[in-house]
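Chains E, C, S and L, in that order, give the protein sequences.
Position 187, counted from 1, in the first sequence is what full-length UniProt numbering calls 187; the numbers after and before it change by one each time, with no gaps.
Position 70, counted from 1, in the second sequence is what full-length UniProt numbering calls 70; the numbers after and before it change by one each time, with no gaps.
Position 242, counted from 1, in the third sequence is what full-length UniProt numbering calls 242; the numbers after and before it change by one each time, with no gaps.
Position 235, counted from 1, in the fourth sequence is what full-length UniProt numbering calls 235; the numbers after and before it change by one each time, with no gaps.
A portion of the hints provided could be inaccurate.
Any copy will do: because identical chains look the same in the list, a pair fits if it lies in one copy or spans two.
To be verified - In silico SDA-like cross-links for lysine to any residue, where the CA-CA straight-line distance does not exceed 20 Å:
#  : residue 1 : residue 2
1  : K137      : P247
2  : K137      : E288
3  : K315      : N301
4  : K178      : S200
5  : K73       : A7
6  : K124      : D284
7  : K75       : E93
8  : K178      : L281
9  : K66       : D18
10 : K311      : P267
11 : K73       : Q172
12 : K311      : A298
13 : K146      : G24
14 : K137      : R297
15 : K146      : Y244
Read the hints as simulated data drawn from the structure, not as lab findings.
4 protein chains.
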Amino acid sequence: MTKPEIAKLGYVSLVTQDLEKSLGFFREVIGLEETEAINGVHYLRAWGDFEHHTLSLEQGERAYVKHIGWRTKAKEDVSGFKALLGDEGIAVETIAPWSTPGIGEAIRFEAPSGHTFEIYYDVKKPKAPEHRRSVLKNQTYKAWAKGISPRRIDHVNLHTSEDWQVTYKFFQEILGFKLREYLKVDDGDQILAGWMSVTSLVHDVALVSRKKDEIPTNARLHHLSYWVDDSQDVLRAADICKEYNLPICGPGKHSISQALYLYVADPGSGCTVEVFTGGYLIFDPDWEPVAWNESERALGNTYWGDSISAKEIVKYTIEA
Amino acid sequence: MTKPEIAKLGYVSLVTQDLEKSLGFFREVIGLEETEAINGVHYLRAWGDFEHHTLSLEQGERAYVKHIGWRTKAKEDVSGFKALLGDEGIAVETIAPWSTPGIGEAIRFEAPSGHTFEIYYDVKKPKAPEHRRSVLKNQTYKAWAKGISPRRIDHVNLHTSEDWQVTYKFFQEILGFKLREYLKVDDGDQILAGWMSVTSLVHDVALVSRKKDEIPTNARLHHLSYWVDDSQDVLRAADICKEYNLPICGPGKHSISQALYLYVADPGSGCTVEVFTGGYLIFDPDWEPVAWNESERALGNTYWGDSISAKEIVKYTIEA
Amino acid sequence: MTKPEIAKLGYVSLVTQDLEKSLGFFREVIGLEETEAINGVHYLRAWGDFEHHTLSLEQGERAYVKHIGWRTKAKEDVSGFKALLGDEGIAVETIAPWSTPGIGEAIRFEAPSGHTFEIYYDVKKPKAPEHRRSVLKNQTYKAWAKGISPRRIDHVNLHTSEDWQVTYKFFQEILGFKLREYLKVDDGDQILAGWMSVTSLVHDVALVSRKKDEIPTNARLHHLSYWVDDSQDVLRAADICKEYNLPICGPGKHSISQALYLYVADPGSGCTVEVFTGGYLIFDPDWEPVAWNESERALGNTYWGDSISAKEIVKYTIEA
Amino acid sequence: MTKPEIAKLGYVSLVTQDLEKSLGFFREVIGLEETEAINGVHYLRAWGDFEHHTLSLEQGERAYVKHIGWRTKAKEDVSGFKALLGDEGIAVETIAPWSTPGIGEAIRFEAPSGHTFEIYYDVKKPKAPEHRRSVLKNQTYKAWAKGISPRRIDHVNLHTSEDWQVTYKFFQEILGFKLREYLKVDDGDQILAGWMSVTSLVHDVALVSRKKDEIPTNARLHHLSYWVDDSQDVLRAADICKEYNLPICGPGKHSISQALYLYVADPGSGCTVEVFTGGYLIFDPDWEPVAWNESERALGNTYWGDSISAKEIVKYTIEA
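Extracted from the complex, chain E is given alone in its bound form (with noise of 0.2 Å):
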């Protein structure tokens, strides 16, 4: 059999305690579009986002991520990683096709990080409905039509406080991420944390490790990302979200991944979304992940700009 595939990041299904604080935030300051509501769920995307949707919105007694869904590179690979996961001794829940909108047959199970996943491969890509399709035919909606507008979802980053040798084991062995960039003790192998991607992204997917007396729970999303095209789009994101007095991290450049960042959180929901772009694409086979030591911890997470070091607001923001 041949080793099941994940293509690339889908979408975070995610519970908010206010949902339409949660709806505001999404679809007015980061400017997402809704394909579609149905039984209390909202379906969104960006403007660029080809899927049914990257992100769900829906109401909840607590905010929390219930899934995060991937989509593999071929049909065969969710019945591929069902077996897999099996041999794993992992407990596997099947969904039935379609009953998540725009979602077909799905797997979930909950990985040793904490964090839950859904895999699949068949996805509906409905088309913006008129008004709002762009006149680029390879481009769903209008873009700038609301608040930032940024182009597609990029990436989660996601915060345990499981044992790292079985996390990051299980993330690249099983789930098949290339480890690019990762940081670690400044004596010995342990890493604090890795940027691991299936794509040319530097990474899809960030897997930090903390202490179990660190994070109130096990498993927390610490942000999810959407690309902008542009400098100067987090810039104007930062304009952007000031005018809606949320509190911003940002604007700044990582060193690890160079990419710029603007962290802001949803405030119905208290997750927080990452504004990002710029940085480098990996295209070699044989890429070397590029280790940062503990002591580097600050400078990897900020090159320049406002550091992300000691903002309240980019601290384990919700629950996995």
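Please build the complex by placing chains C, S and L on the supplied structure of chain E, with the hints as guidance.
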């Protein structure tokens, strides 16, 4: 046997009839760095390129492209392609490892489009000399040293007068490029131009079919493209080129690929370089190629800005 | 008596044959804010404009510019200009203070160029309504609410078929505009176009001389210009206009003024708006006007980018 | 007698204890052009500066600002200021015309703030040497030759420990600067900092009042500022400074002036340079100064981005 795979565009080997002028153009105007010069061949790369070179320049009687290098995903893909091409009846030349600085075991052959390609896996990734090395450990050179200062090589655009069915089939079925967007005749299936990639870029290579009487040889390099990070960098590039009295085309935005462009020709060789940014990435495994009809050609080329349809400098720039 | 002085361009009073379309264009596409609407006249301004309005829009049988308002440096300059214009034999109409919302004591007259000007000093500078007010106390509205979202009005470009010697003399000697750059015939002194200002901008007004048979009336408003802060805002404006299917000219860079431009026409009135940024400021008291010959006209208009020479939308757009 | 008037900031005359380092910084990192060097004094300007120089650099025992030059609106303003300052009991030194290259008849005096100012009208505006001259006839040098490459000088920021009432009164009533924004104590009228201009800029000079024990001498130059055209240029400047291992503060956005900033110190003299763009212009003759309370000081300084409150490099940088 597993199908051999190309990982990425590697480099363009360019012969110029005026080496001094070409070096001035690529080092001062474009702002490439010179890794080294050996036996009269200058090996250049952008500040964010990781491999030994992405362009080589040497003096010749006339300007032409010797070959275009493609790096494979694995070492065994080189022999894999050798066998595959042999099966197709294509003559394959074996190149002594490291006879080209930075490039190990390699093969060369003429594609049915008339272009000479080199395929290899082993590469050197030399660090920049200390005084030019970036303070960032994930970046090769300090950026912004000179001229336009692009980050990395992006793609090549090839013109051919050979049979479209043969050429597109070869690029897709033998070399494994996926068709991302294409221009076709209004009636029928004939492809006039195809944007193809093995990476998440919309194109690593564009192939344009021309009538024999339209181009002086059967194979041309229309342009070589380097990537800049921001839209404003393209505008800054226009300023820079104008100050050097170089003819330009652009800035403008392609509909196809949604990318921003500026074209400028090397006054030494006549080879056109595209300064390029923006556009979208394709992570979906089931991408449906976007079709543009011949009547949409001008729109596909230029969404807005200085139109590439009427400019001399963007015509079949150099023999390949 | 001290010579009366103009401080700045105030506003353009525009009549449109399709008020609904024009309101849609200026509010949604350009992204101006509406201060108020009184008696069918809509008073608009940009988010960084401080005065009551910089554009007024009203329904009419045909589109034309009623008048263009200029604010003086001091209150007594209004009567000063009244006297000065009277001395020149120009009929001056006195406008009842505050009969135009936001504008106090004012005079109106037809300049020798055929354009009707209003001169006033007293203005209202109303705050934005609470929910639209910027969190910054030195900024009127929150920026980036809709569309292109320029910061402020910049200049007007006027065309005339009247005698060039009379008109340029009037603008300079009576109104006090300083000539900053100009286009002249290759042989002789005849000025074809002059960029003039009372501020540090290269031009608050450009005056273009046309032959009588070139323009349908003797006086036209070629365009009204709004300022954006960054080059990328002009590119973003091009995206926005294309999505509204509006014909544009640009983006490009003028040689004269060194500014970036995008032209787009109001589909209601036909009035062209220039989205404008960059360029230089003149603080020197002894500025020597920069002369361009007629043979440099195309270069003066377009340094690089989409040329304004050939585009329909930039021809004598609206009667004044 | 008409009140004499200042037209603009002319230049800063800087003494450095390490001329070689300072020249390296201002020519390579900031990217200024050298007009000429005479008797060990280097005269520099930005590519868009029109006058002979906007900065002079010379070797000294210690680093300090010799004087800051202001150009008047008319030739007779020089003697006008001489008389006016004499009436105020201020000792005025007459400088031999052209003894400073590029500067004609001039006077020098110590302002009550403790800073030495030079006032003059006659200037030379030398063209750039042929190979560095812009192809644009309204631009001095080709842009983007080296480093940050700003367009022009913008403003100076001065610190003083002298009496605020005396100093602000002098700048406004004698020198004719208009107060545009200011920071005041929460209770009472005492001004802590004032942004003042004679041009349409929000400030040609900022004056910050410090307690005697806060600054080592009674008069300091906090920074000298050069203008870049675009927001992204400030981000690019941050990249450049980091590659030179220079300590920076920013990028960030001031609330006061709404401008973007990056601060970087000359490693030779310790003089801080602000790379600056954005912000608003004031054309209104009746501008009401915007007041910020002491409790808003941090907000006034930094709207978003890297805060200037905590950084060492932005503290009273050089004696004046």
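Task: Numbered hints the structure breaks, given as an ascending list - done: Violated hints: none; all satisfied.
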